[in-house]
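Student: Spelled out, the chains give:
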Amino acid sequence: MTRRLSTRTRLLALAPPLALVLASCAPGGTDSSGDPVEDDDGGTAGEATASVQELTREDVEGGSLNYLYFTDGPDQASTEELISAFEEEYGVTVNLEIVPFSDLETTLQTRLSGGQAPDVARITATAPFEGDLLDLTPYVGADYPETFIEGLRAPMQQGDQLVAVPSDLTMNGPFVNVEQFQEAGVDLPDPEDPWTWEEMMEAAASVQEAVGTEFAFALDKSGHRLSTVLSQNGTYLVDAETGVLDPDLATEALQALTSMIEDGSSPRDFWLDSGTRYAGANEVFLAQQVPVYLSGNWQVAQFEANAPFEWAAAPNPCMTECGGFPGGKFMAGFADTDEPELTALFLWWMNDTEQQRQFVDASNFLPTRADLVEDGVEYASRSEDMNVFLEDIPRTPEAAYASAYSPEFGAAATEFVEFYAQVVAGQLELPEAMEDLSSTLGD
Amino acid sequence: MTSRPPATPDAPAAAAGPAPTRRRPRYRPGGTVLTPYLFLLPNMLIFGLFTIWPAINGFNISLYASTTGRSFEWAGLDNYRAIGADDRFWSALTNTLVYVAGFVALSVVCAVLLAVALNAQLRGRSFFRAVFFLPVLLSPVVVGLMWRWMLERRGGLVNAGLQAIGGPEMPWLVDGRLAMLSIIAVGLWTNVGFYTMIALAGLQSIDGSLYEAASVDGASRSQQFWGITLPLLMPTVMVVLILATINGFQAFDYIYNLTGGGPVGGTTLMVQFIYDNAFGPRREYGMAAAASVVLFLVVLSFTLVNWFIGRRREAT
Numbered sequence: 001m002t003r004r005l006s007t008r009t010r011l012l013a014l015a016p017p018l019a020l021v022l023a024s025c026a027p028g029g030t031d032s033s034g035d036p037v038e039d040d041d042g043g044t045a046g047e048a049t050a051s052v053q054e055l056t057r058e059d060v061e062g063g064s065l066n067y068l069y070f071t072d073g074p075d076q077a078s079t080e081e082l083i084s085a086f087e088e089e090y091g092v093t094v095n096l097e098i099v100p101f102s103d104l105e106t107t108l109q110t111r112l113s114g115g116q117a118p119d120v121a122r123i124t125a126t127a128p129f130e131g132d133l134l135d136l137t138p139y140v141g142a143d144y145p146e147t148f149i150e151g152l153r154a155p156m157q158q159g160d161q162l163v164a165v166p167s168d169l170t171m172n173g174p175f176v177n178v179e180q181f182q183e184a185g186v187d188l189p190d191p192e193d194p195w196t197w198e199e200m201m202e203a204a205a206s207v208q209e210a211v212g213t214e215f216a217f218a219l220d221k222s223g224h225r226l227s228t229v230l231s232q233n234g235t236y237l238v239d240a241e242t243g244v245l246d247p248d249l250a251t252e253a254l255q256a257l258t259s260m261i262e263d264g265s266s267p268r269d270f271w272l273d274s275g276t277r278y279a280g281a282n283e284v285f286l287a288q289q290v291p292v293y294l295s296g297n298w299q300v301a302q303f304e305a306n307a308p309f310e311w312a313a314a315p316n317p318c319m320t321e322c323g324g325f326p327g328g329k330f331m332a333g334f335a336d337t338d339e340p341e342l343t344a345l346f347l348w349w350m351n352d353t354e355q356q357r358q359f360v361d362a363s364n365f366l367p368t369r370a371d372l373v374e375d376g377v378e379y380a381s382r383s384e385d386m387n388v389f390l391e392d393i394p395r396t397p398e399a400a401y402a403s404a405y406s407p408e409f410g411a412a413a414t415e416f417v418e419f420y421a422q423v424v425a426g427q428l429e430l431p432e433a434m435e436d437l438s439s440t441l442g443d
Numbered sequence: 001m002t003s004r005p006p007a008t009p010d011a012p013a014a015a016a017g018p019a020p021t022r023r024r025p026r027y028r029p030g031g032t033v034l035t036p037y038l039f040l041l042p043n044m045l046i047f048g049l050f051t052i053w054p055a056i057n058g059f060n061i062s063l064y065a066s067t068t069g070r071s072f073e074w075a076g077l078d079n080y081r082a083i084g085a086d087d088r089f090w091s092a093l094t095n096t097l098v099y100v101a102g103f104v105a106l107s108v109v110c111a112v113l114l115a116v117a118l119n120a121q122l123r124g125r126s127f128f129r130a131v132f133f134l135p136v137l138l139s140p141v142v143v144g145l146m147w148r149w150m151l152e153r154r155g156g157l158v159n160a161g162l163q164a165i166g167g168p169e170m171p172w173l174v175d176g177r178l179a180m181l182s183i184i185a186v187g188l189w190t191n192v193g194f195y196t197m198i199a200l201a202g203l204q205s206i207d208g209s210l211y212e213a214a215s216v217d218g219a220s221r222s223q224q225f226w227g228i229t230l231p232l233l234m235p236t237v238m239v240v241l242i243l244a245t246i247n248g249f250q251a252f253d254y255i256y257n258l259t260g261g262g263p264v265g266g267t268t269l270m271v272q273f274i275y276d277n278a279f280g281p282r283r284e285y286g287m288a289a290a291a292s293v294v295l296f297l298v299v300l301s302f303t304l305v306n307w308f309i310g311r312r313r314e315a316t
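Residue numbers (full-length UniProt numbering), protein chains in the order written: chain A, 1 to 443; chain B, 1 to 316.
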């Protein structure tokens, strides 16, 4: 006899698998408390205490690491060379996995969720991986951060843990078209004695008038680049934790740029037609349509390759403060690694003096190590220009580092661009926009 | 002994009379009921895994707060309240409705007109059909970049052409209204070929004898269009309408490459709002998921309205 199941009986029969499905789709499930992660042996990764300086080939031979990497271009070849040297010296294998920068964080988060984290990654901020990173203190010592320039020491740490090593530094700063300055009979700025904003604007306007360029001054559409201007007037979007923008100082800082955009001597369209996306004004500079362009040292390699004219890096202009605005990358290990000693050794070795000197030289990056910043680096190409950026490092206020490496900076910079674009579009006055921005960042 | 219930509605008739030439199906009890479902099972599993499951999970995530995508805190309806209080959400929703209205209306009208034109006995008809379909094959990234270069204020091909005939230099991507017109026009250019092909298929299913009869009765071309073509094409038009509506609400990729949502959010549509919240520096996955749920409900309601209107029209 066939017995038909009632609807209620069917629903009851379906309930356990349905509950399982719903329970398993509850997000989370990973420990984000920051507690030490147990390794396969049931111990914590931080229990091993061999100092990396004492490790020999015999200690690590046969080990292997996965290094998740994004490239800015010229750094890839020097990274591969350094990895080969490391593999040869210690008899280990390092698998370099290269992903696009735009996918980096999503890729890492996804792999962490799936328990497939790499051993090492090149990252721009440590905050998104809080609780996931390997504490390097037992391997390199608590004093290790002092190896690096002062502004980078705080972002190397999370609580009392040392979780990242700064591998290269970038510094915002202007470039000038030397040929146009010479044609206009305008003096080039002295790297030893930075010009003021007024002097820079006057020089740019004089060159524009004499040479007939379309614009006098250009700056990338970027909250990071705009922060240079804020920093030079002593205010910032955020400090290490929260919004700190002074709207009056911000208005004063941005007045000159805003006036130039309004009168057409600085490009306006690319503030509007690129929406929420970043836009660089490097094409305008390369087309010789602007004599002064504020960007950063990462442009050196591409200008060297592509600029059909004589150009030079110039010191950042001063308002109440001088110097640029920092950025850069870190190398970090993940706590889930099966090779914590080798991971720490790799991070330490890659950022030792000689290796970092080789890396920044080949890539036209700035060093993060205090010894290299103090001694200077003799770059194989455009050394004079790179040292202009290098000289701006000690002029840059400490607060600029705190702001740039704040976990809140990325979102704050996006808000900044959105509010400033409204000023450029004529929808808001500059003081009103800065007030609104300050309120938003303070929320 | 209890007789087994008939397995199919046809079974009683078959069992009542002798059927010496038909072999009895060798199914196990209940097999005739389960068999169709077994055939559907693989597709249902794939559909469930890649469509239903992510949709349920997306709704679930909308009830949590997360900035990493891994650690989540229960937020209840906070994400929905947050997007409700966010001007950018309302701006994106308004932009989306404006875009969908313009895109759908133009898509339907242009698709029908082009289909009628391409259905006529033209010289080079196949060539023109291919030309109109070609943009459908292009990557949205290519479409966005290509039109960006064409629409730039200075040096763009469109303005160069305008100026060559004495026209003004137009800020296509810099002025809010013109930027909205630009993305509608580019969306139309990209998709109209696909809708035209659907409309063309609909046109070709209309019986030619109707036109012959109408011609014999002295109906003009225009009368034939309004009296025969359009009424008989309405089911196809409804399909185009629904597809264009869904496509319009989901528009993102080429717009992101064309305007980036600018100027000042003037062309930021819902999908970009979701993208910016989830994958931009804000990393508000819960808010992005909440906005996705809202978008889903909006698309669903528009689709259902279209569908019901279509069914009522068919019924009458």
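If you are wondering where the hints come from, they were derived from the structure by calculation, not from laboratory data.
We put the CB at the ideal spot given by N, CA and C, even for glycine.
Where hints are given, some of them may not hold.
[Stated by the list, open to error] Computed spacing ranges between beta-carbons, pair by pair:
#1 Arg81/B with Ala142/A: 39 to 47 Å
#2 Pro100/A with Ser301/B: 33 to 41 Å
#3 Ala287/A with Leu77/B: 23 to 31 Å
#4 Gly114/A with Phe279/B: 14 to 22 Å
#5 Glu169/B with Gly73/A: 48 to 56 Å
[Unchecked claim] Partner residues aside, some chain A positions facing chain B, computed with beta carbon under 10 Å:
#6 Gln116
#7 Gly264
#8 Arg268
#9 Trp271
#10 Arg277
#11 Gly280
#12 Ala312
#13 Gly328
#14 Ser383
#15 Glu384
#16 Glu415
#17 Ala421
#18 Gln422
#19 Glu429
#20 Pro431
#21 Glu432
Student: Among all the numbered hints in the text so far, which are the ones the structure does not match?
Tutor: 3, 5, 6, 7, 11, 12, 13, 14, 15, 19, 20 and 21
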